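**Student:** Residue strings, one per chain:
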Amino acid sequence: MSYLEIKNLEISFPTPKGKYVAVRDINLSIQKGEIISIIGHSGCGKSTIMNAIGGMLTPTGGTVELANQKIKGPGPDRGIVFQNYSLLPWLTVEENIFQAVDSVMNCSKKEKHEIVIQNLKMVNLFEHKDKLPGQLSGGMKQRVAIARAFAINPGVLLLDEPFGALDALTKGSMQLEVLKLWNLNNREKTIVMITHDIGEALFLSDRIVVLNNGPASTIREIVEVNLPRPRNKIEIVKMPEYIALRDRLLHLLTDKFSIEDMGMVYKS
Amino acid sequence: MSDKDTLTLSDITGQAEVLTSETINDSVKSEKFKLIISQFAVKLKSTVLAGIGVLVFIGFWSLLSIYTKDALPGPLATFTVLKEMLSDPFYDYGPNDKGIGLQLFNSIKTVLFGFLLGSLIAIPIGILMGASNICKQIFYPIVQLLKPVSPLAWFPIGLVVFKDTGMATIFIVFITSLWSTLINTSFGVASIPQDHKNVAKAFGFSKMRYLTKILIPYSLPHIITGLRLSISVAWLVIVAGEMLSGGAGIGFFVWDSWNALSLEKVISAIIIIGIVGLLFDKLFTFIESKVAYKA
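Line order of the protein sequences matches chains A and B. If you use my numbering, the first sequence corresponds to residues 1 to 268, in order. If you use my numbering, the second sequence corresponds to residues 1001 to 1295, in order.
Hints listed in this document are in silico derivations from the structure and should not be mistaken for laboratory results. Keep in mind the model is a prediction, meaning the values are calculated, not measured. We put the beta carbon where it would ideally sit given N, CA and C, even for glycine. Among these hints, one or two may not hold up.
[What the hints assert, rightly or not] Straight-line distance between alpha carbons at most 30 Å, and here's what the computed DSSO-like set of lysine-lysine pairs gives:
#: 1; chain 1: B; residue 1: K1201; chain 2: A; residue 2: K7
#: 2; chain 1: B; residue 1: K1201; chain 2: A; residue 2: K109
#: 3; chain 1: A; residue 1: K112; chain 2: B; residue 2: K1207
#: 4; chain 1: B; residue 1: K1207; chain 2: A; residue 2: K70
#: 5; chain 1: B; residue 1: K1294; chain 2: A; residue 2: K112
#: 6; chain 1: A; residue 1: K110; chain 2: B; residue 2: K1201
#: 7; chain 1: A; residue 1: K19; chain 2: B; residue 2: K1201
#: 8; chain 1: B; residue 1: K1197; chain 2: A; residue 2: K7
#: 9; chain 1: A; residue 1: K72; chain 2: A; residue 2: K32
#: 10; chain 1: A; residue 1: K121; chain 2: A; residue 2: K180
#: 11; chain 1: B; residue 1: K1294; chain 2: A; residue 2: K121
#: 12; chain 1: B; residue 1: K1294; chain 2: A; residue 2: K109
#: 13; chain 1: B; residue 1: K1207; chain 2: A; residue 2: K131
#: 14; chain 1: B; residue 1: K1197; chain 2: A; residue 2: K110
#: 15; chain 1: A; residue 1: K180; chain 2: B; residue 2: K1201
#: 16; chain 1: A; residue 1: K238; chain 2: A; residue 2: K171
#: 17; chain 1: B; residue 1: K1197; chain 2: A; residue 2: K70
#: 18; chain 1: B; residue 1: K1197; chain 2: A; residue 2: K72
#: 19; chain 1: A; residue 1: K131; chain 2: B; residue 2: K1290
#: 20; chain 1: A; residue 1: K129; chain 2: B; residue 2: K1029
[Stated by the list, open to error] Label-pair ranges, simulated between beta-carbon atoms:
#: 21; chain 1: A; residue 1: H113; chain 2: B; residue 2: K1043; range: 43 to 49 Å
#: 22; chain 1: A; residue 1: K19; chain 2: B; residue 2: L1279; range: 58 to 64 Å
#: 23; chain 1: B; residue 1: Q1194; chain 2: A; residue 2: N68; range: 29 to 35 Å
#: 24; chain 1: B; residue 1: Q1137; chain 2: A; residue 2: L184; range: 48 to 54 Å
#: 25; chain 1: B; residue 1: Q1137; chain 2: A; residue 2: H196; range: 37 to 43 Å
[Claimed, not checked] Which stretches of chain A does chain B cover? Using the computed rule of at least three CB atoms under 8 Å from a CB of chain B, they are:
#: 26; segment: 67-76
#: 27; segment: 89-100
Work out the full structure: start from the sequences and follow the hints.
**Tutor:** Right, dumping it as structure tokens:
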């Protein structure tokens, strides 16, 4: 039995025009310590699957089980990093993390403060602990959000397009930051991440889940990434395995679009 | 040779350092000076412009006074009376003859009391209306129905219930203070972004933590705006209310002065009412700026 088990997951929303099925027939077994990327086009239900794991919404069919327990709502066993940071702008960096720790953890105030400090140091933001989110850059804000998710010491980390809003250079260092934290935790944390970026998915993941286009999207293919760890960003891109995987993913994600593009050219 | 080279180099660097630090100091000083001058110029300009506005106003007032053959007292006559009123604002010669300071104090007391009571009711109900659709559906029709009613229409009801004109005046201020605060609070609470709610959900915030760390900090600027609007209307209403209730307050003072045919006093009271209203507004604008946060 795997750590995180998604069985026949179906999620639909009622609309005035009738039932809208976002995703269906999702089956996925994730081992402890695995890094999984979910990739697909906009509106294909990536976030919907993520929210089901996070317990932010209830499946209309099938189940999500974590350590053999059915997920019924949000819980401290899952830490979520949202795409738009979702820090509270009136709280300092330290307070933002502390409120999450204070809400979730059962220990003394002193220990809680120590956890906050330790996690701030891990993402190199200790000097900025008294700043408000409005005074930070996008990358720093996302590091606070990641520190907050790690601070509650969850078994599973859910990253919903965590670096989508960042520039390419910041993105690169943030990916390393995540791997660093994962290694610091003895690679015991399971990470499920949504991304649009094939390079990012290949660099970080053990497996990449490619989704079909919505509505009613399903898993198109699960691509195993058997690249050795630790991975060096410059080295791996030269590996033939990497190139083959990248081509496979490109093919899965873009075949339909290129034909449409050609059609456009001929029409005009 | 190399020794000499180094020496010259350090000499030059030293000189360069001295030069740059001096020039930087100078430029910083002149920058600061320029800034102060420009700030002063901006302030001076706005003061002069405001002064022009006041002069135009006083001019019209004088013309109107001449036109009415001094039935409406001119600025000079008014200011003489105003000065006299302010020279002894706290005298008390019995219930119908009190200094302007005492009257003003009475009105402010009434307004603050009614406003405080109104806010204590309006903020929680506003939060409920903003947070829950059911509460909104319960309260919103009543609010829509009662909001456009002139507060003075409540005066008889206050009289019947409390059998006391002072209490009835507080009651109409209370009613007046409700609406803006209620509507702004519920709007603020209803517009809490999903992102913030998601944080609370994902990290299992308790109701109390959600209230103190998300709901109130987010909606506080809206609440303060509501309070600012409420107190300005309350200050509008108190004058009319005290004209009805009589006995005490700046409104009563206006009415009493009119009955004594002292229009100088009436106009002086108008000026004082305006200044106090302005100060209330400034106070809440200041609080607003203190509780605002940068997203």
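**Student:** Taking only the CA atoms, is the gap from K131 (chain A) to K1290 (chain B) under or equal to 30 Å?
**Tutor:** holds, 17 Å
**Student:** For a C-alpha distance cap of 30 Å, please report whether K1294 (chain B) and K121 (chain A) respect it.
**Tutor:** holds, 25 Å
**Student:** Holds or violated: are the alpha carbons of K121 (chain A) and K180 (chain A) at most 30 Å from each other?
**Tutor:** OK: K121 (chain A) and K180 (chain A) at ~13 Å, within 30 Å.
**Student:** Taking 43 to 49 Å as the stated bounds, is the beta-carbon spacing between H113 (chain A) and K1043 (chain B) within them?
**Tutor:** holds, 46 Å
**Student:** For the pair we were handed, K1197 (chain B) and K72 (chain A), check the Cα-Cα distance against 30 Å.
**Tutor:** holds, 18 Å
**Student:** Does K1201 (chain B) pair with K109 (chain A) here, judged by a C-alpha cut-off of 30 Å?
**Tutor:** holds, 22 Å
**Student:** Between the alpha carbons of K110 (chain A) and K1201 (chain B), is the straight-line distance 30 Å or under?
**Tutor:** Holds - the C-alpha atoms of K1201 (chain B) and K110 (chain A) are around 25 Å apart, at most 30 Å.
**Student:** Do the beta carbons of K19 (chain A) and L1279 (chain B) sit within 58 to 64 Å of each other?
**Tutor:** holds, 59 Å
**Student:** Hey, K112 (chain A) versus K1207 (chain B), does the alpha-carbon distance stay inside 30 Å?
**Tutor:** Judged against 30 Å, a Cα distance of about 20 Å means the pair holds.
**Student:** Hinted pair, alpha-carbon criterion (30 Å max): K1201 (chain B), K7 (chain A). Please report holds or violated.
**Tutor:** holds, 24 Å
**Student:** Between the alpha carbons of K1207 (chain B) and K70 (chain A), is the straight-line distance 30 Å or under?
**Tutor:** holds, 24 Å
**Student:** For a C-alpha distance cap of 30 Å, please report whether K238 (chain A) and K171 (chain A) respect it.
**Tutor:** holds, 20 Å
Hint 20 alone, counting from the list given before, is not met by this structure.
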